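J.: Chain order of the listed sequences is A and B.
Residue numbers for the first sequence, in full-length UniProt numbering: 1 to 652.
Residue numbers for the second sequence, in full-length UniProt numbering: 1 to 652.
Quick caveat, the hints were computed from the structure, so don't treat them as lab data.
Take these hints with a grain of salt, some might be off.
Identical copies go unnamed one by one, so any copy, or any two together, can satisfy a pair.
Straight-line Cα separation of at most 30 Å, DSS-like style, residue types lysine-lysine; simulated pairs [claimed, not checked]: (1) K574 <-> K546; (2) K420 <-> K549; (3) K549 <-> K131; (4) K515 <-> K245; (5) K111 <-> K420; (6) K503 <-> K343; (7) K111 <-> K547; (8) K443 <-> K420; (9) K131 <-> K540; (10) K549 <-> K530; (11) K546 <-> K131; (12) K357 <-> K111; (13) K111 <-> K546.
The structure presented is a predicted model; accordingly, all values stated were derived computationally and were not measured.
There are 2 protein chains.
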Amino acid sequence: MPLGEKAGWEKSESRYCGVEADFHDDIPQLLSLNLSSGSFDFIVAPLMDPTYRPSLMEKDKGGSCVPPFAGSDLVLSPSQWSSHVVGKISSWIDLDSEDEIVRMDSETTLKQEIAWAHHLSLQACLLPSPKGSSCANYARCVNQILQSLNNMQLWLRVPLVKIEEDSMDEKSENLLDSWELWNSFRLLCEHHTQLSIALDVLSELPLANSLGRWFGEPVRAALINTNSFLTNARGWPCLSKRHQKLVAGFFNHSVQIIITGKPIHALPKAGLDLAANHIDDNSKNMQRHPLKSYLDYVAYLFQRMDPLPEQERFELGYRDFLQSPLQPLMDNLEAQTYETFEKDSMKYIQYQRAICKALVDRVPDNEAAVLTTVLMVVGAGRGPLVRASLQAAEETGRSLKVYAVEKNPNAVVTLHSLVKLEGWENIVTIVSCDMRSWEAPEKADILVSELLGSFGDNELSPECLDGAQRFLKHDGISIPSSYTSFVQPVTASKLYNDVKSHKDVVHFETAYVVKVHNIARLAPCQPVFKFDHPNFSANKSNQRYKKLKFDLPIDTGSAMVHGFVGYFDATLYKDVHLGIEPSTATPNMFSWFAIFFPLRLPVCLHPGTPLELHFWRCCGSTKVWYEWCVTCPSSTSTPIHNSNGRSYWVGL
Amino acid sequence: MPLGEKAGWEKSESRYCGVEADFHDDIPQLLSLNLSSGSFDFIVAPLMDPTYRPSLMEKDKGGSCVPPFAGSDLVLSPSQWSSHVVGKISSWIDLDSEDEIVRMDSETTLKQEIAWAHHLSLQACLLPSPKGSSCANYARCVNQILQSLNNMQLWLRVPLVKIEEDSMDEKSENLLDSWELWNSFRLLCEHHTQLSIALDVLSELPLANSLGRWFGEPVRAALINTNSFLTNARGWPCLSKRHQKLVAGFFNHSVQIIITGKPIHALPKAGLDLAANHIDDNSKNMQRHPLKSYLDYVAYLFQRMDPLPEQERFELGYRDFLQSPLQPLMDNLEAQTYETFEKDSMKYIQYQRAICKALVDRVPDNEAAVLTTVLMVVGAGRGPLVRASLQAAEETGRSLKVYAVEKNPNAVVTLHSLVKLEGWENIVTIVSCDMRSWEAPEKADILVSELLGSFGDNELSPECLDGAQRFLKHDGISIPSSYTSFVQPVTASKLYNDVKSHKDVVHFETAYVVKVHNIARLAPCQPVFKFDHPNFSANKSNQRYKKLKFDLPIDTGSAMVHGFVGYFDATLYKDVHLGIEPSTATPNMFSWFAIFFPLRLPVCLHPGTPLELHFWRCCGSTKVWYEWCVTCPSSTSTPIHNSNGRSYWVGL
């Protein structure tokens with residue numbers, strides 16, 4: 001039974017809670033003990049008697065000795081096995097033991113148990129945490145298993161530990177950060193998509209930046225031990241504020257919660273009375289799961305969460321889904337695309353504000369009656385900026401002459417009907433032409449455009465406006481007057497694996513539009529390229545080169561950089577801006593998701609080592625493209641991505 | 001004119017010497033000045049006036065301004081251009097300048113000059129050394145050029161510098177090692193095969209281990225400045241012992257020598273007299289190239305080198321050529337293969353010595369007349385070990401009964417004729433059978449086999465001998481009695497690129513037999529797997545797991561590990577061994593080249609950081625395979641190679 005249906009959450013976004021159980025040879029009974037009457041949703045249960053050691057089995061029995069599994073496959077229905085049981089692999093196994101017999105026993109047992117779980121069609125197995133700091137043999141064995149595993153997930157249990165050391169001894173520090181262990185394991189297994197994480201949440205939590213890393217990693221479950229709970233004034237278990245925030249993060253990132261440990265909160269009689277709501281104590285106690293109060297508290301945390309805002313709910317399906325950026329210059333947009341973007345009212349409100357200010361600056365109040373401002377909307381589409389311009393004229397009492405220039409003949413059809421419908425024939429002239437080649441009959445006071453992509457210049461706004469500024473007066477205004485792209489390094493194992501699944505270099509050298517969610521932002525954004533409009537200087541070039549240096553907060557610990565997330569911020573006019581850079585993003589706008597630039601080789605960053613990123617905007621005669629690379633840390637320097645735009649480019 | 005034909009060197013192994021020239025707008029004259037009458041073989045000459053800056057050209061000339069190249073393509077014949085001229089790219093270019101105009105000018109010029117050199121079909125261009133420690137933009141531009149360069153090589157000029165710092169400040173140290181600069185550049189260009197190195201040899205040389213790194217890198221030329229020469233007692237230029245050794249290394253690795261700089265050895269009159277051999281001084285001086293004495297000295301160093309031993313000469317064509325290892329168990333060897341291996345007399349001498357010792361140990365002198373030793377050659381092939389055994393019996397006066405067991409029916413044919421030809425019918429019984437399934441009529445005193453591959457157990461000697469030891473007496477002797485594999489990390493950019501050229505993972509997860517030459521051995525060999533025979537223990541397994549830690553000599557500096565070279569050493573019997581591990585290799589043996597295990601991602605090692613390698617020998621029911629990975633340095637941890645033997649395995 002889910003932790004409650006929530007308003008504002010999709011059904012698919014329900015959260016479940018499991019419980020870790022001890023070995024029991026009667027699985028049906030174990031299941032009924034833990035799942036009955038509104039209790040837990042699934043159990044994490046050992047599949048094999050923990051005393052089993054293959055080397056102790058009598059050799060001469062030959063094929064007749066059966067491993068001591070917990071019950072046959074027939075004791076539960078296939079759907080019970082797969083929906084209610086996560087297989088817990090024997091926790092004694094230690095594939096990196098110094099003792100060869102322990103290693104051999106561990107390998108045999110691990111393979112037997114996974115094969116059994118596979119036979120039962122379990123959805124997941126919980127792998128015990130590596131015993132020491134070295135895990136190569138464990139990883140080798142798991143990696144072998146992963147090569148032929150159908151759908152099952154393997155959750156590697158990892159304690160959520162990072163001890164802060166002021167010591168300079170790097171080696172000892174490495175051992176104290178469990179992320180390092182995870183990272184080492186998953187690198188050995190080559191980021192396998194079926195290898196994920198079950199975090200053991202302990203009573204002490206690492207610092208916030210270090211915790212943040214895990215949200216870019218494939219965490220599927222979090223095990224919360226009863227001894228991580230505090231006791232509230234009424235004797236009930238509760239979590240610290242930091243733990244609460246972490247659990248909220250887990251809910252937000254579809255991480256299953258699993259309660260583990262013995263009940264250690266002896267509930268006071270009064271508390272139970274309250275909980276039982278005056279129903280007979282004894283009968284209640286009989287049925288009541290000993291860990292029910294912990295489950296109730298987790299359900300309470302879930303219920304207490306704010307519902308998702310409407311926009312977020314709408315965008316749920318886009319989370320971490322890679323899309324190719326639009327090519328609006330080469331291709332003509334479809335009606336559906338115009339429809340979507342025109343609905344972004346916040347964007348047009350900002351444009352209208354900017355146009356108002358420009359009109360007022362252009363024409364003083366005392367000349368409003370006599371002066372007509374020539375405004376050209378370049379890339380008018382189906383007319384939303386024409387409307388915003390006319391509304392701005394009305395709002396400011398300025399008179400306007402509008403040219404609506406649009407290269408897409410299909411959009412021009414709609415423009416004509418709009419102008420007719422609204423009765424704008426005397427004010428608006430529609431020009432069906434590419435702004436780069438149009439010969440304007442007069443020069444404009446104001447040039448308005450919305451040509452920005454998620455990365456600002458990536459839909460070739462600079463090249464288009466270079467063409468259009470031919471018919472802008474020398475003291476004319478461009479709206480936007482400038483825009484800047486931004487990037488930040490991220491951990492994004494989901495995006496990385498999606499790119500990798502194509503098994504080619506091309507996809508690693510392509511930028512993707514994506515609603516980023518399951519990522520860890522490792523450092524604040526930094527500006528990359530800036531373009532100003534108009535730009536009448538003689539030697540101007542739209543080529544750019546930027547070198548960026550990111551320093552991770554020192555308490556982050558080591559982290560994996562799978563790529564860079566890009567954004568833009570545009571100054572429409574003076575103080576009116578529009579953008580998606582997280583720290584200054586315009587609220588309630590949905591026209592742009594972020595852009596993701598992957599790295600062919602993820603770069604592992606260690607504390608104190610900066611990340612040096614190079615970004616180029618290159619221009620050819622028929623296309624524009626980006627190249628990028630990482631040069632520091634030097635031992636993980638990447639190749640230059642997308643040389644000559646071989647994989648990804650925007651056509652002129 | 002080559003530096004002389006040498007006895008023992010292939011024609012293709014001739015060495016040439018070039019000279020670096022200043023800009024000259026009359027290339028034919030420049031050529032004749034430098035190449036006439038037994039002087040240099042080629043020139044490294046600027047292609048463009050060094051005062052040229054694109055940004056200073058008059059803009060309004062439009063297409064009419066021609067870059068100031070040194071002469072038209074017609075002044076030399078195509079073959080003169082390509083055999084005698086290496087294009088020297090303008091040394092002022094600086095693509096990583098802080099000054100944007102310098103950057104733009106540099107990019108334009110570099111692209112114009114390379115395009116020109118390409119038009120002339122030059123074989124190579126010399127790229128100026130990066131100006132600072134940062135070279136990303138330079139590399140980006142060169143990388144773009146490399147994407148569409150037909151055959152031309154680009155030699156990046158790199159000063160041969162590594163300053164030893166006792167300081168612990170890593171950052172300052174990095175700047176002082178030019179290898180780091182090269183490494184950064186080539187990583188950005190993704191190990192492009194047309195990007196190579198021209199080393200600037202200075203008067204001070206780095207320490208030996210640091211120098212050694214370069215022999216695993218694609219060094220194509222070495223520029224020796226005249227001021228790196230010392231002056232000998234007679235006033236002539238000469239090189240220090242360390243420089244001489246380095247130049248010998250260059251000769252050995254097909255690195256072209258180029259003399260650069262002004263003549264600074266004012267030869268005394270007496271010296272010239274001696275040199276001119278009493279020919280008229282004046283006329284001699286007229287024709288004499290001012291750098292001739294440096295050239296003569298280099299030629300003298302070449303002439304002085306020892307000729308290649310016959311075996312090396314025979315193996316020249318195999319240098320750094322990747323071969324798939326034999327599968328002698330699954331496949332039957334061909335006659336040619338037997339022919340080659342049987343010629344390796346040193347190997348059979350060692351076997352004969354071992355068999356002698358075993359026979360004497362087995363049968364004391366006083367029983368030699370009455371006892372007959374049963375010796376089985378398992379995998380007898382065409383009989384060389386049968387012969388060695390019989391010779392050992394004769395040498396020691398022991399009497400022998402020999403079984404020759406061979407699974408290849410084609411070899412058995414030859415065995416029968418050999419036995420008949422030699423009249424061994426009463427001593428030798430031929431068994432046409434796989435030793436793993438043969439039911440022997442009696443038990444053996446001595447089991448002799450030659451089943452070893454380059455990596456010892458990689459041709460499944462352990463599995464074969466496990467089968468054969470069924471018919472060995474419990475106190476019987478196996479020759480070999482044990483064998484051990486060894487590995488060492490190497491820089492091997494040639495091998496890495498050859499593996500990479502297949503563009504798949506399979507080739508990166510395969511081991512190759514190879515006569516390694518153009519490699520840098522970064523650390524001494526370490527033992528990996530050992531097998532002892534016979535092994536009658538109950539729980540024996542031929543699976544192995546070994547974790548190895550390599551520490552590079554601290555004066556090496558940073559280095560790139562492209563993979564691991566493997567060898568074996570076998571104890572035939574007591575103190576008689578046979579092997580190819582370099583420090584103990586049996587001399588004059590040619591049956592085995594080394595084996596190379598590549599890394600999918602080369603690992604960059606920094607001083608003081610150990611390299612941790614894991615190696616597994618895994619056994620399935622139908623095959624045996626290796627898996628390997630690197631776990632330290634942790635930031636460059638590799639995936640586990642060849643999981644489940646998916647790419648490379650040896651069939652049982």
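J.: Now tell me if each hint is right for this structure.
T.: Outcome of the hint check:
no., hint, verdict
1, K574 <-> K546, "within (25 Å within a copy, 67 Å between copies)"
2, K420 <-> K549, "neither (54 Å within a copy, 80 Å between copies)"
3, K549 <-> K131, "between (37 Å within a copy, 20 Å between copies)"
4, K515 <-> K245, "within (22 Å within a copy, 61 Å between copies)"
5, K111 <-> K420, "neither (74 Å within a copy, 54 Å between copies)"
6, K503 <-> K343, "neither (37 Å within a copy, 47 Å between copies)"
7, K111 <-> K547, "between (49 Å within a copy, 22 Å between copies)"
8, K443 <-> K420, "within (25 Å within a copy, 107 Å between copies)"
9, K131 <-> K540, "between (61 Å within a copy, 26 Å between copies)"
10, K549 <-> K530, "within (17 Å within a copy, 49 Å between copies)"
11, K546 <-> K131, "between (45 Å within a copy, 18 Å between copies)"
12, K357 <-> K111, "neither (71 Å within a copy, 47 Å between copies)"
13, K111 <-> K546, "between (50 Å within a copy, 21 Å between copies)"
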